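Each protein sequence line maps, in turn, to chains A and B. For what it's worth, the numbering used here labels the leading residue of the first sequence as 143, then goes sequentially. For what it's worth, the numbering used here labels the leading residue of the second sequence as 100, then goes sequentially.
Bear in mind the hints are in silico, worked out from the structure with no lab data behind them. A quick note: this is a predicted structure, and the numbers were derived from the prediction, not measured. Cβ coordinates follow ideal geometry from the N, Cα and C atoms, glycine included. Hints are not guaranteed to be accurate.
[As the list claims (entries may be wrong)] Computed list of lysine to any residue pairs in SDA-like fashion (alpha-carbon distance at most 20 Å, straight line):
no.	chain 1	residue 1	chain 2	residue 2
1	A	307	B	199
2	A	327	A	251
3	B	223	A	327
[Unchecked claim] Sample of chain A residues lacking proximity to chain B, with all beta carbon distances greater than 10 Å (derived):
no.	residue
4	157
5	180
6	213
7	225
8	236
9	280
10	285
11	287
12	296
13	300
14	306
15	382
16	391
17	398
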Amino acid sequence: MSLAKRIIPCLDVDCGRVVKGVQFADIRDAGDPVEVAKRYNEQGADEITFLDITATHEGRDTIVRTVEKIASEVFIPLTVGGGIRTVEDIRTLLNAGADKVGINSAAVFNPEFVRQASERFGAQCIVVAIDAKKVSSEGEANRWEIFTHGGRKPTGIDVVEWAIKMADYGAGEILLTSMDRDGTKDGFDVSMIRAINHVVCIPVIASGGVGNLQHLVDGVEQGGADAVLAASIFHFGEYTIPQAKAYMCDQGIEVRL
Amino acid sequence: MTTSVAIIDYGMGNLHSVASAFAHVAPDSQIDITSDAQLIANADKVLFPGVGAIRDCMVEIRRLGFDTLVPEMIKGGKPMLAICVGMQALMASSEENSGVSCIDVLPGFVNYFGDDLRDDQGRKLKVPHMGWNQVQQTIDHPLWQGIDNYSHFYFVHSYFVIASNAQQVAGRTEYHREFVAALSHGSLFATQFHPEKSDTAGLQLLKNFMDWDGRI
């Protein structure tokens, strides 16, 4: 008996539809979020993460209704991220049925927000999402920096120091995305995951770059991730969640079958 | 007749998930999220939840008089399900928040997992214990009906129960050490895991609770 490594499909949701940008190509429609969430639940996903990428204010009410619908039919943990800036935003999503919320740029602009949110709602529902890129040159010691605005704006913040700080401020979990790998299908940046895992005592979710099932194994075995997140390999039917779990299990990783 | 369930609300955490899970397994039941002692006492079944820090929970539990109501209902044989910190609050005391005395219906204590935990291969074990872990059913119980032994359930907690009366233990799990995943005492069943987030195994447990008359 031991704690299973979690497999988390991620749904990017724009105005009530699941979308996934494939690098250098148009955004492909991957369906109705309620249907997609139910399908992943039936396949045995351990958790579902939604990233609301809707830009408009009106569109943002859509995610609340979507979460409500999903939470009344899917009984596994749901995490919702994207555009969360206030304690009120968090309360609205938790009341709609989210179990955890992902805080990303709002934490960068105001780290105290993470502390407030954690004290108010408990660390167990606060996921700090970190988008980072490698900034060290060939031959130098590895160094990664936090980027905002979809990876366009550097912040000068070192990812290892940031992870320590966020854990200290009350994050319950870290969702670590490599912006270098996101959408490439080249696999996780396992050295970054390992670096973060080494310095924090809270669970780390690896994200960005999964192109095949061995990548999921690498995230756990080499990176030490507690959970692995992927989007496109599941959305477009390349692999199913049972296939991913069977593969990980064959490699000796504890999964929930 | 419609079965009524009162979900005890003492202002800690979000109770919608558990209410919607009950609505899913028992669509014809009457489900109330309430702090009204009368409504709770009159309900056919009672859910005693808990999220967050034990000290804050105990302050509210005492303020609302649930520290006497809950033991009375258990004594009276009312089917009750306690979840997570709800279960911990039933023990004698917890070492969280530098020591908090609890309701003390069940003999035993609540301890912290510890820092810098490692598994036997030297890999880091994170605290909270968050995610899916297997539960070994240590007794036959109506609430385990139709659930495979060693099924996975969803946990999120940093503190665990040590039961002084081993006969009350209904399920065990392992994380760094063996700990109590479920307790049974008359018409009370308590779980450290969250059945409302535990997919089919959890929903089956909630359905079993709705079908249970409180007798073992």
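To see whether the hints hold, each was checked on the structure:
Proximity of residue 307 (chain A) to residue 199 (chain B) is assessed by CA-CA distance (about 29 Å); at most 20 Å being required, the pair is judged violated. Note on residue 327 (chain A) and residue 251 (chain A): the hinted pairing is violated, with a Cα-Cα distance of about 30 Å set against a maximum of 20 Å. Restraint check for residue 223 (chain B) and residue 327 (chain A): the C-alpha separation of about 28 Å exceeds 20 Å, so the hint is violated. Remark: the non-interface label on residue 157 (chain A) is consistent with the geometry, its nearest Cβ contact in chain B lying 24 Å away (cut-off 10 Å).
A cut-off of 10 Å between C-beta atoms confirms that residue 180 (chain A) is not in contact with chain B; the least separation is 12 Å. Not every CB of chain B is more than 10 Å from the CB of residue 213 (chain A) (nearest about 6 Å), against its label as outside the interface. Distance check for residue 225 (chain A) against chain B: the nearest CB is about 20 Å away, which clears 10 Å, and the non-interface claim stands. Not every C-beta of chain B lies more than 10 Å from that of residue 236 (chain A), the closest at about 5 Å, which undercuts listing it as non-interface.
Consistency note on residue 280 (chain A): stated as away from chain B, and its beta-carbon is indeed over 10 Å from all of that chain's, at 30 Å minimum. The beta carbon of residue 285 (chain A) sits about 22 Å from the closest Cβ of chain B, which is more than 10 Å, so the claim that it is off the interface holds. Non-interface call for residue 287 (chain A) relative to chain B: holds, since the shortest CB-CB distance, roughly 25 Å, exceeds 10 Å. No beta-carbon of chain B is positioned within 10 Å of the beta-carbon of residue 296 (chain A); the least distance is around 29 Å.
At roughly 21 Å from the closest C-beta of chain B, the C-beta of residue 300 (chain A) stays outside 10 Å, upholding its exclusion from the interface. At roughly 15 Å from the closest C-beta of chain B, the C-beta of residue 306 (chain A) stays outside 10 Å, upholding its exclusion from the interface. Residue placement check: residue 382 (chain A) keeps its beta carbon more than 10 Å from all beta carbons of chain B (closest about 16 Å). Under the 10 Å C-beta cut-off, the non-interface status given to residue 391 (chain A) relative to chain B holds; the minimum distance is some 13 Å.
Its beta-carbon lying about 4 Å from the closest one in chain B, residue 398 (chain A) breaks the requirement of being farther than 10 Å from that chain.
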